[in-house]
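6 protein chains.
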Amino acid sequence: MGTHQPVEYANASSEVREVYDDIMATRKTDWINNFWKVLANDPVTLRRTWESIKQIMAPGALDPLTKEMIYIAVSVTNQCPYCIASHTSSAHKKGMTDAMFHELMAVVGMANETNRLASGYQVEIDEQFKTS
Amino acid sequence: MGTHQPVEYANASSEVREVYDDIMATRKTDWINNFWKVLANDPVTLRRTWESIKQIMAPGALDPLTKEMIYIAVSVTNQCPYCIASHTSSAHKKGMTDAMFHELMAVVGMANETNRLASGYQVEIDEQFKTS
Amino acid sequence: MGTHQPVEYANASSEVREVYDDIMATRKTDWINNFWKVLANDPVTLRRTWESIKQIMAPGALDPLTKEMIYIAVSVTNQCPYCIASHTSSAHKKGMTDAMFHELMAVVGMANETNRLASGYQVEIDEQFKTS
Amino acid sequence: MGTHQPVEYANASSEVREVYDDIMATRKTDWINNFWKVLANDPVTLRRTWESIKQIMAPGALDPLTKEMIYIAVSVTNQCPYCIASHTSSAHKKGMTDAMFHELMAVVGMANETNRLASGYQVEIDEQFKTS
Amino acid sequence: MGTHQPVEYANASSEVREVYDDIMATRKTDWINNFWKVLANDPVTLRRTWESIKQIMAPGALDPLTKEMIYIAVSVTNQCPYCIASHTSSAHKKGMTDAMFHELMAVVGMANETNRLASGYQVEIDEQFKTS
Amino acid sequence: MGTHQPVEYANASSEVREVYDDIMATRKTDWINNFWKVLANDPVTLRRTWESIKQIMAPGALDPLTKEMIYIAVSVTNQCPYCIASHTSSAHKKGMTDAMFHELMAVVGMANETNRLASGYQVEIDEQFKTS
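Chains as they are written, first to last, in numbering that gives the first Met the number 0: chain A, 0 to 131; chain B, 0 to 131; chain C, 0 to 131; chain D, 0 to 131; chain E, 0 to 131; chain F, 0 to 131.
Derived by calculation from the structure, the hints in this document are not laboratory data.
A portion of the hints provided could be inaccurate.
Said to hold, decoys possible - Sample of chain A residues at the chain B side, in silico, Cβ under 7 Å:
hint, residue
1, 8
2, 10
3, 12
4, 13
5, 17
6, 59
7, 60
8, 61
9, 63
10, 66
11, 84
12, 98
13, 102
14, 117
15, 118
16, 122
As the list claims (entries may be wrong) - Below, in silico cross-link-like pairs of lysine-lysine (DSS-like), each with a Cα-Cα straight-line distance of 25 Å or less:
hint, chain 1, residue 1, chain 2, residue 2
17, B, 27, A, 129
18, A, 129, B, 93
19, C, 27, C, 129
20, C, 129, D, 93
21, D, 129, E, 129
A virtual CB, placed ideally from N, CA and C, is assigned to each residue, including glycine.
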């Protein structure tokens with residue numbers, strides 16, 4: 000449906016191929032999903048976005064699966080169908096079980112509910128939360 | 000600022016006190032934060048919300064700290080100041096280090112960015128994501 | 000905090016005063032709230048917005064109090080502090096009881112929760128909902 | 000498209016069937032929509048969500064149709080296609096006329112507009128709204 | 000999928016046709032897109048919405064293409080598929096190049112990211128921003 | 000209120016100072032706003048965010064003022080008070096007149112309204128928008 004066609008590897012410039020190669024090597028996979036292939040219409044954004052994601056999603060103080068589940072939490076809150084589908088798939092590949100997914104959804108749903116109760120009731124922030 | 004005053008323990012009905020007691024016992028704390036004290040103006044919602052949260056945030060396939068960070072991810076995406084303050088405080092108490100918080104924020108920020116790139120470029124969902 | 004100062008009646012142009020007068024007459028009140036006084040910095044938007052609201056919020060197939068509660072539901076979902084404060088106040092003046100407010104909040108909270116469960120679980124729309 | 004298949008009554012466990020039976024009895028209908036059938040992959044969330052909705056959407060200070068329209072207002076603001084389709088259908092079954100739907104949409108649209116004017120112009124909350 | 004069928008010109012009342020004629024004349028086009036044809040089920044909202052959009056999107060202190068790009072920025076942030084498709088198409092017709100679209104997307108993505116960093120880190124507003 | 004204190008230049012590490020110096024040189028200013036000073040608690044995110052913003056907000060196919068107004072449009076839609084205050088201030092410094100700001104707000108408000116009308120009425124995307 001999109002107005003920008005995905006850029007296939009065969010037709011990609013060398014600067015785009017370089018990013019594609021790094022994505023596949025980093026993710027240990029042999030294909031590129033549509034997000035990157037459409038973003039490749041703008042090689043500058045393709046590279047910047049990939050470099051940022053590569054840095055942010057790498058193992059660190061949080062493990063990659065936890066980061067993937069946080070990504071799902073944001074995508075579900077924002078109602079982004081593409082992002083929900085792609086990151087749910089990624090999380091399963093990184094070891095998310097069905098039980099983990101169900102709990103993730105329960106927390107995301109509940110947080111969206113209490114966010115509105117807190118704002119709707121105009122609850123003031125407790126002093127205790129301001130200094131810790 | 001809110002139009003509903005917090006219900007203090009001293010003035011609470013026995014049905015409200017019962018919930019307050021369970022909150023303090025479950026959380027091993029001796030105070031109740033404003034969210035619950037304002038919600039106590041409606042004892043039915045107070046009880047239902049607490050019972051749901053107690054069930055959802057208990058240890059399970061995901062540990063309590065991971066759940067707390069998911070709560071923060073949603074609250075930050077929704078821009079709920081009260082929720083950000085309270086759950087960031089809770090997460091620190093459950094062991095979230097500064098390094099973990101920084102990575103959490105980085106993932107939340109990036110997810111909010113790529114959610115819009117995916118929708119703005121009208122990226123179609125890959126077949127691979129529909130069956131896994 | 001805002002960069003645009005409220006335009007007080009005493010200092011307002013005749014075209015702004017005309018709108019202020021209509022707001023006070025329509026609402027049977029003798030003061031103008033900050034929203035309109037700040038919007039008055041742009042008399043064109045002031046008039047268009049007021050004319051639209053006046054038309055939309057008038058009694059019709061839905062009564063004014065129901066409309067006011069729908070306004071609150073949207074404002075709470077969007078986390079707009081000014082709008083929550085002003086429309087909650089208006090709704091109370093139009094007869095919203097505390098019991099009604101509590102139920103309104105419960106529905107708004109629940110809807111925000113199930114909205115995310117529906118999208119997170121990628122639920123397909125039932126055929127029955129497409130034709131009715 | 001979803002990765003979780005709907006759980007049909009014929010294949011459901013007794014604990015899931017019990018919830019399905021209650022949904023059909025409460026709603027006086029003989030079918031279950033996809034939302035519940037997908038949620039049934041997690042019987043704990045299925046039950047908790049249904050019990051909460053049953054309690055919240057029951058007649059009270061607000062009538063069921065008003066609650067259904069508030070549900071639509073939230074779902075439209077959040078842009079949740081499934082929720083818009085299902086709750087619009089439910090509201091029509093509960094007696095929402097076309098005229099009521101049109102006014103509902105007008106209020107929801109306007110509230111989303113003025114929410115942004117209030118925040119964009121950084122309007123300060125009036126003292127009058129803080130104490131009532 | 001929608002429950003309201005588009006109102007075609009051939010079947011439209013004279014009051015709806017009058018709006019359709021003005022849309023086509025103003026936009027120098029010979030067709031009406033679905034948004035207006037569905038809105039025509041409520042002639043009052045059709046007229047009010049068109050009159051507002053006509054006034055707002057006319058050339059002024061901002062040129063029509065800049066306004067169209069701002070419309071895209073909002074629609075992408077809200078994840079509204081119809082609005083993204085229609086306003087991206089309109090913007091291209093008004094002269095938006097691919098390079099402009101790519102930069103627009105980059106800014107929208109980045110703004111959505113830093114909005115969450117600012118709220119997640121609970122950054123206080125600088126004094127300098129309050130007085131200018 | 001935030002739990003992370005701003006990092007002042009005097010106390011900053013050399014790697015943070017390097018970013019601060021680049022911000023001040025690029026923006027031709029002699030002070031750093033709180034957003035960057037709080038982000039400096041995580042030098043990695045500070046640098047990545049600044050490098051991305053510097054690249055994205057530079058003059059290109061779109062001029063810096065247009066980019067700043069797009070930033071405001073997103074921030075207002077997301078209801079981020081800090082971002083609205085800081086980018087409105089920046090836009091004024093880059094030449095945004097009051098007349099431009101008023102039109103910007105009018106477009107943002109209207110887009111938020113029609114986004115909901117399009118989704119609430121479940122309008123289908125026109126064929127014409129899919130191929131252009």
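Hints versus structure:
no.	hint	verdict
1	8	15 Å, violated
2	10	18 Å, violated
3	12	18 Å, violated
4	13	22 Å, violated
5	17	20 Å, violated
6	59	5 Å, holds
7	60	4 Å, holds
8	61	5 Å, holds
9	63	10 Å, violated
10	66	5 Å, holds
11	84	4 Å, holds
12	98	4 Å, holds
13	102	5 Å, holds
14	117	4 Å, holds
15	118	6 Å, holds
16	122	5 Å, holds
17	27(B) / 129(A)	20 Å, holds
18	129(A) / 93(B)	17 Å, holds
19	27(C) / 129(C)	44 Å, violated
20	129(C) / 93(D)	17 Å, holds
21	129(D) / 129(E)	22 Å, holds
This entry does not satisfy hints 1, 2, 3, 4, 5, 9, 19, going by the numbered hints stated previously.
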